[in-house]
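Undergrad: Spelled out, the chains give:
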Amino acid sequence: MKIKAKMKRDMAVVKVLAKHPMETGLRKDKKTDKVIPAKFIKELVGKHGDKVVFHADFGRAVSKNPYVSFSFAGAKKGDNVSMTWTDNTGETVTVEAPIK
Amino acid sequence: MREKRRLLLKSLIGFTTMATAMTAMPRLAMAKWSKAFDNETVDGAMNDLYGDATLTADDKITLKVPEIAENGAVVPVTVKTKMANVTNISIFADKNPQPLAASFTLPEGTAAEVSIRIRLGETQVVKAVVEADGKLYTKEQEVKVTIGGCGG
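As they're listed, the protein sequences go chains R and B. Residue numbers are given in the numbering used here: position 28 of the first sequence equals residue 28, and the series is strictly consecutive. Residue numbers are given in the numbering used here: position 39 of the second sequence equals residue 39, and the series is strictly consecutive.
Calculated directly from the structure, the hints in this document are not laboratory data. Where is the CB? At the ideal position from N, CA and C, for every residue including glycine. Errors might be hidden in some of the hints.
Stated by the list, open to error - Non-contacting residues of chain R with respect to chain B, defined by C-beta distances greater than 10 Å in every case (computed):
hint, residue
1, K19
2, P21
3, K39
4, E43
5, K76
6, T89
7, T92
8, V93
9, V95
10, P98
11, K100
Claimed, not checked - No farther apart than 25 Å at their CA atoms in a straight line, the calculated lysine-lysine pairs in the PhoX-like style are these:
hint, chain 1, residue 1, chain 2, residue 2
12, B, K82, R, K51
13, B, K82, R, K2
14, B, K95, R, K39
15, B, K35, R, K64
16, R, K77, R, K100
17, B, K64, R, K6
18, B, K64, R, K2
19, B, K82, R, K6
20, B, K144, R, K64
21, B, K82, R, K8
22, R, K100, B, K80
23, B, K95, R, K15
24, R, K64, B, K80
25, R, K8, B, K95
26, R, K15, B, K82
27, R, K64, B, K95
28, B, K95, R, K30
29, B, K64, R, K64
30, B, K60, R, K8
31, B, K80, R, K8
Put together the whole structure using the sequences plus the hints.
TA: Here it is as structure tokens:
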């Protein structure tokens with residue numbers, strides 16, 4: 001997962017690119033004709049310190065390697081933002097990045 | 001195939017029971033991943049998310065989607081609004097197998113502007129629903145898809 005966070009006036013603009021296949025569970029493997037099991041991110045949470053500043057729930061329609069952007073107030077340069085995704089299999093990844 | 005269907009059905013039933021247990025919480029404030037994402041109709045998904053609340057079309061919402069998407073697998077969508085006290089932004093695609101694509105819960109201090117990339121299986125209407133001050137507003141736009149985003 002890549003995070004780019006930058007102050008723009010009084011708002012911290014956060015851009016997130018998560019690496020994830022986002023399999024819907026509806027697709028079939030062309031060779032074996034078997035359904036590819038679902039594996040998609042269900043939840044993406046952004047935190048500034050302990051405060052939750054962003055919470056997204058994803059359905060299966062979110063593209064592979066999801067990209068999202070949002071912005072929030074109350075941060076300053078040098079603060080950290082952390083992003084955590086959790087997928088339908090329970091796998092979870094957290095990445096932290098400083099605000100530039 | 002038949003067995004697979006049973007399996008799917010079973011897991012769906014599992015989801016439903018889980019979701020029913022959660023309906024004790026106030027509907028509009030619901031932030032957890034809900035059964036709405038599994039619902040196969042827009043109306044159904046909206047009902048799961050918002051109950052029978054009414055939606056008002058409003059031009060104060062900006063829904064930025066391409067008019068023509070060459071590749072349905074990656075369609076950029078931006079929703080923003082100048083409305084005050086926005087707590088949730090959700091995106092629906094009416095002809096996808098499960099229309100609810102994403103739902104954003106925005107705490108105080110977070111701007112009412114989000115961008116995401118979604119898949120569209122075919123040409124269809126993309127709908128944004130904004131919850132502000134406990135009321136629901138919507139804006140929609142058609143996206144023409146040249147190559148669908150759900151095939152293998």
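Undergrad: Hint by hint, say whether it matches the structure.
TA: Hint by hint, here is what the structure shows:
Look at R:K19: its CB is around 14 Å from the nearest CB on chain B, clear of 10 Å, so calling it non-interface holds up. Under the 10 Å C-beta cut-off, the non-interface status given to R:P21 relative to chain B holds; the minimum distance is some 12 Å. Non-interface status of R:K39 relative to chain B is upheld: no Cβ of that chain comes within 10 Å, the nearest being about 14 Å off. Residue placement check: R:E43 does not keep its beta carbon more than 10 Å from all beta carbons of chain B (closest about 6 Å).
Distance check on R:K76: its Cβ is at least 13 Å (rounded) from any Cβ of chain B, clearing the 10 Å threshold; non-interface status holds. With a closest Cβ-Cβ approach of about 13 Å to chain B, R:T89 is found to remain outside the 10 Å limit, as its non-interface label requires. Listed as outside the interface, R:T92 is consistent with that label: its C-beta sits roughly 13 Å from the nearest C-beta of chain B, beyond the 10 Å cut-off. For R:V93, the requirement that its beta carbon stay farther than 10 Å from each beta carbon of chain B is met, with the minimum near 17 Å.
Distance check for R:V95 against chain B: the nearest CB is about 18 Å away, which clears 10 Å, and the non-interface claim stands. Non-interface call for R:P98 relative to chain B: holds, since the shortest CB-CB distance, roughly 19 Å, exceeds 10 Å. For R:K100, the shortest C-beta to C-beta distance to chain B comes to about 18 Å, beyond the 10 Å cut-off, and the non-interface label holds. Among the hinted pairs, B:K82 with R:K51 is consistent with the structure: their alpha-carbon atoms are about 23 Å apart, no more than 25 Å.
Among the hinted pairs, B:K82 with R:K2 is inconsistent with the structure: their alpha-carbon atoms are about 29 Å apart, more than 25 Å. With a CA separation close to 21 Å, the supplied pair B:K95 and R:K39 stays within the 25 Å bound. Distance check on the hinted pair: B:K35 and R:K64 sit about 21 Å apart at the alpha-carbon level, within 25 Å; holds. Restraint check for R:K77 and R:K100: the C-alpha separation of about 5 Å stays at or below 25 Å, so the hint holds.
About 22 Å separates the Cα atoms of B:K64 and R:K6, which keeps this hinted pair within 25 Å; it holds. Only pairs whose Cα atoms come within 25 Å are accepted, and B:K64 paired with R:K2 is accepted, the gap being roughly 24 Å. Pair hint B:K82 plus R:K6 holds up; C-alpha atoms about 22 Å apart against a cutoff of 25 Å. With a C-alpha separation of about 20 Å, the suggested pairing of B:K144 with R:K64 holds against the 25 Å cut-off.
Between B:K82 and R:K8 the CA atoms are separated by roughly 18 Å; this keeps the pair inside 25 Å, and the hint holds. Between R:K100 and B:K80 the alpha-carbon distance is near 24 Å, which keeps this suggested pair within the 25 Å criterion. The suggested pairing of B:K95 with R:K15 is violated, with an alpha-carbon distance near 28 Å, which exceeds 25 Å. Of the pairs offered as hints, the one joining R:K64 and B:K80 holds, with about 23 Å between alpha carbons and a cut-off of 25 Å not exceeded.
Distance check on the hinted pair: R:K8 and B:K95 sit about 37 Å apart at the alpha-carbon level, beyond 25 Å; violated. Between R:K15 and B:K82 the CA atoms are separated by roughly 21 Å; this keeps the pair inside 25 Å, and the hint holds. A hinted pair counts as satisfied when its Cα atoms are at most 25 Å apart, and R:K64 with B:K95 qualifies at roughly 19 Å. Among the hinted pairs, B:K95 with R:K30 is consistent with the structure: their alpha-carbon atoms are about 24 Å apart, no more than 25 Å.
For the hint linking B:K64 to R:K64, the alpha-carbon distance of about 20 Å falls within 25 Å, and the restraint holds. Between B:K60 and R:K8, the direct Cα distance comes to roughly 23 Å. Compliance with the 25 Å bound is thereby established for this hinted pair. Restraint check: the Cα-Cα separation between B:K80 and R:K8 comes to about 17 Å, which is no more than 25 Å; the hinted pair holds.
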